[in-house]
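Counting in the numbering used here, the sequence shown runs from 0 upward without gaps.
Be aware that one or more of the hints could be misleading.
To be verified - Derived DMTMM-like pairs: lysine to aspartate or glutamate, alpha-carbon spacing no greater than 20 Å straight-line:
id, residue 1, residue 2
1, K120, E41
2, K119, E45
3, K95, E81
4, K137, E118
5, K119, E3
6, K34, E143
7, K119, E130
Bear in mind the hints are in silico, worked out from the structure with no lab data behind them.
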Amino acid sequence: MAIEQVIITWAHLVSASIWVGGAIFLGVVLAPLLKRMSFSTEERLELMIKTGRRFNKIALPSLVILIVTGIYNSHLVLQSPEILFSSSYGAFLITKIILVIALIVTFTVHIRVFSRDVEKKITERQIADNELRKLNRKGMILGEATVVISVAILFFAALLDAGI
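Using the sequences provided together with the hints, build the complete structure.
Structure follows, in structure tokens:
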């Protein structure tokens, strides 16, 4: 294996660790912890938004690196449509690509739902309780979807690596 391929694989794995590890931390560790600490819904959302924004500073570049290195790693298969559509490897790769697209859409929706305007309204307590509950619920659903999709992508990456 050439040193270039080692570096590309390493960058892909580090980026996956940052993306998936961060998503799991936010959804499985931080959110439930904040809820148990009996903060108000406003305080929890404000903290989660601020933490999410800070995480996005490394998460977004990691996602871009994952996509670029993923395309590079699969470029030979993508150049051969017969392999893509006639093998289990191709089926797994297509599934992984669809999941990555779903992840990008979910991530984009999450960012749009919790815009700076929404954050400002929460911080300044200018948002109705029912709207706050809806935002909280949307955040939970989008966060859980991000974790599930990310872990599913890892599973298909393992299938591709195993050559099944």
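To see whether the hints hold, each was checked on the structure:
1. K120 <-> E41: 10 Å, holds
2. K119 <-> E45: 9 Å, holds
3. K95 <-> E81: 18 Å, holds
4. K137 <-> E118: OK: K137 and E118 at ~14 Å, within 20 Å.
5. K119 <-> E3: 45 Å, violated
6. K34 <-> E143: With a Cα-Cα distance of about 16 Å, the restraint between K34 and E143 holds, given a limit of 20 Å.
7. K119 <-> E130: OK: K119 and E130 at ~14 Å, within 20 Å.
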